[in-house]
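If you're matching them up, the sequences are chains A and B in order. Counted from 1, the first sequence has number 418 at position 77 by our numbering; the numbering is strictly sequential. Counted from 1, the second sequence has number 229 at position 199 by our numbering; the numbering is strictly sequential.
Hints may be right or wrong, so weigh each one.
Stated by the list, open to error - Simulated crosslink set (EDC-like; lysine to aspartate or glutamate; CA at most 20 Å straight-line):
1. K187/B <-> E153/B
2. K346/B <-> D260/B
3. K479/A <-> D113/B
4. K75/B <-> E277/B
5. K276/B <-> D608/A
6. K187/B <-> D169/B
7. K235/B <-> D614/A
8. K540/A <-> D297/B
9. K276/B <-> E217/B
10. K235/B <-> E606/A
11. K479/A <-> E514/A
12. K516/A <-> E487/A
13. K58/B <-> E317/B
14. K540/A <-> D293/B
15. K276/B <-> D293/B
16. K540/A <-> D565/A
17. K235/B <-> D608/A
18. K635/A <-> D625/A
19. K346/B <-> D275/B
20. K276/B <-> E261/B
21. K346/B <-> E277/B
22. K635/A <-> D646/A
23. K75/B <-> D136/B
24. K276/B <-> E606/A
To be verified - Pairwise CB distance ranges (calculated):
25. T450/A <-> P59/B: 28 to 36 Å
26. D236/B <-> E414/A: 40 to 48 Å
27. E277/B <-> T525/A: 29 to 37 Å
28. A476/A <-> R104/B: 46 to 54 Å
29. N446/A <-> Q61/B: 26 to 34 Å
30. A472/A <-> Q61/B: 38 to 46 Å
31. L51/B <-> G547/A: 53 to 61 Å
32. R337/B <-> R541/A: 30 to 38 Å
33. T450/A <-> D236/B: 24 to 32 Å
The set of hints was computed from the structure by calculation and includes no laboratory data. For each residue, glycine too, the CB sits at the ideal point set by N, CA and C.
Residue strings, one per chain:
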Amino acid sequence: MPTPLLEVSHLRVEFPTRRGTLLALDDVSFSIAPGEILGVVGESGAGKSLTGASIIGLLEPPGRIARGEIRLEGERIDNLPPDRMRAVRGRRIGAIFQDPLTSLNPLYTVGRQLVETIQTHLPMDRARARARAVALLKETGIPAAEQRFDHYPHQFSGGMRQRVVIALALAAEPKLIVADEPTTALDVSIQAQIIALLKRLTRQHGAAVMLVTHDMGVIAEASDRVAVMYAGRIVEVGPVQQVIHRPAHPYTVGLMGSIPSMAVEHDRLLQIDGTMPRLNAIPDGCAFNPRCPKAFERCRHDRPDLMAAEATQAACWLVGGERGGA
Amino acid sequence: MTALVETVELGKVFDVSAPWLNRVLEHKPRQSVHAVDGVSFSIQKGRTLALVGESGCGKSTVARMLVGLYRPTRGVIRFDGQDAQAAWRANGGRVLRRRIQMIFQDPYASLNPRWTVRDIVAEPLREHALVRDAATLNDRVSALLHQVGLAAADMAKFPHQFSGGQRQRISIARALATQPEFLVCDEPTSALDVSVQAQVLNIMKDLQRERGLTYLFISHNLAVVRHVSDEVGVMYLGRLVEWADKETLFRSPRHPYTRMLLDAIPDISMTGRARTPVQGEVPNPLEPPTGCAFHPRCPHANERCTRERPELLDLKGARVACHAVAEGRIGASG
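Construct all of the structure, not just a fragment, from the sequences and the given hints.
Rendered as structure tokens:
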């Protein structure tokens, strides 16, 4: 296996509050290979966006990394001082957020924002930076890029704005792009265009992507591997085909079954009863045990780590050896 | 079979002009948006019609006209064979308000945060004087909560104590309180997580079976639509472009826009699929294209499409508004 581009190990993120410390991420470990697209799925509150925020160093206080490391190309980035982290962000890690309107400054033209980003990270004079910015806009499929260069964000439609944001994220040729729900705010026909664009450009530029979304369809289409999160932990990770078609963790099984599919028709959808626990009330043992149809005694007090299952890795006592065994 | 709900050439125009002073000073004309433009459909009793389309296609405006929140600019709505417009005006529309209820998209905005769940669910019962005494009221509310999978003890709680999915169940309980025949559901699950969405969709289907409810289901999620509906209407820029029963529509979509939508949806059964995404975006509804509104994005458009607006025609089992389909320029198979 080649050296991973990004390696997250035993990441733990805490939120100290007056009523005690909330554990938002607990023992999260995964890696992304160069050029790979890793999908991260989960329901609201599972911790997928927090994982992304920790990697780009934009964890909102009072949230803090309490344990674990994040390494980019072998170098630790989780403990960098803010000014050094600022140089990493944008240059080596690009970010795409859900709402393209809030990631663009409404008072500057998109061209000015692109040129600023390029000049901050790359040693280029104004003219060359401008040429590069126009080229990027063209690459992301914005028609009449030369003219659009001088337009303000409000003059673009939602889909076009998200293209500008992708151009911004790619401006300094980062090795990794963290894309947090990049298509959630868009209509389906636009969504498909943006996914295709993201896939094509990251392949061309050789960038790896951490694609955070709650939409399994987007993950299925775009990613190579997928990590499923539940209550602040990764419960299953593996190649996208295997996780979708041969999931091992009961939560993943339930999640896949609850998604209405275009291909197969069911009279009733599989449902997982109950809801994800709140951060202040995460159950002992496996966090999924109160909702799990297959839970047994051990699940209620012992917490499973990721273990090799049939085709994936799953954090469940039902996989990886004897039922109830060690 | 008789249609419970029927609309004929329904239309809604919104005035979006700049304020009077601006119009005078800047010499701007009045502007209007045809949010819904000549939409005709009917729903049989006990069945579900889903309206799908992208943002701004007018599907929510149709929903709001059906429940009397908007007055149509033109066209007719018939409910149970009677003119709904007249019924909404008579006696404040009390009769229709009991027989038609609505479930909204955002369960955080559609429940009064200062009211207990008992008050929220009991309000329609009180309003329509369906129960007399407090004991019966409590029984009815707890029965309603039970039907949507909540406990009677939840009555004393406030909305903020529930998750999104539970709140949406409270909305459903409230909508069911008057024992309506027709429920208009405007994106009832799009604010919910998938596992919770499955719970709510299952409840809605169970209730339909038990009570013979008729649904108008608005959604942009075609997989959800395929799961809940009997018939599907596809809307584009205020017009109904295709209306067919579910099997026909998903098996052999006819209108180029329907085909595009079906092709655009990421689906979990299609890992690593390569495809050619459709070009272009929904045009500005203030300046809709001439002729067929879809022609600038349509691969089959010709000169007639830019000029003449296609009507919804009955073409072999589906109603389609497309010149190319009507002329046989594109076949039935997708």
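Does K516/A pair with E487/A here, judged by a C-alpha cut-off of 20 Å?
27 Å, violated
Do the alpha carbons of K75/B and E277/B lie within 20 Å of each other, as the hint requires?
19 Å, holds
Sort out whether E606/A lies within 20 Å of K235/B, counting only the CA atoms.
14 Å, holds
With the threshold set at 20 Å, check whether the alpha-carbon distance from K276/B to D293/B stays at or below it.
16 Å, holds
Straight-line alpha-carbon gap K346/B to D260/B, limit 20 Å
Within the cut-off at roughly 18 Å; holds.
Please test the hint of 30 to 38 Å on the beta carbon pair from R337/B and R541/A.
The hint (30 to 38 Å, Cβ to Cβ) holds, given that R337/B and R541/A are roughly 36 Å apart.
Does the alpha-carbon distance linking K276/B and E261/B stay inside the 20 Å limit?
Holds. K276/B to E261/B sits at ~5 Å (cutoff 20 Å).
Restraint status (C-alpha distance of K58/B to E317/B at most 20 Å)
15 Å, holds
So the hint says 29 to 37 Å: do the beta-carbon atoms of E277/B and T525/A match that?
Holds: the Cβ-Cβ distance is about 30 Å, inside 29 to 37 Å.
Cβ-Cβ distance between A476/A and R104/B: within 46 to 54 Å?
50 Å, holds
Can you confirm whether the C-alpha distance between K276/B and E217/B stays at or below 20 Å?
18 Å, holds
Is K235/B within 20 Å of D608/A, Cα to Cα?
9 Å, holds
Checked against the numbered hints listed earlier, the structure breaks hints 3, 12, 23, 26, 33; every other hint is satisfied.
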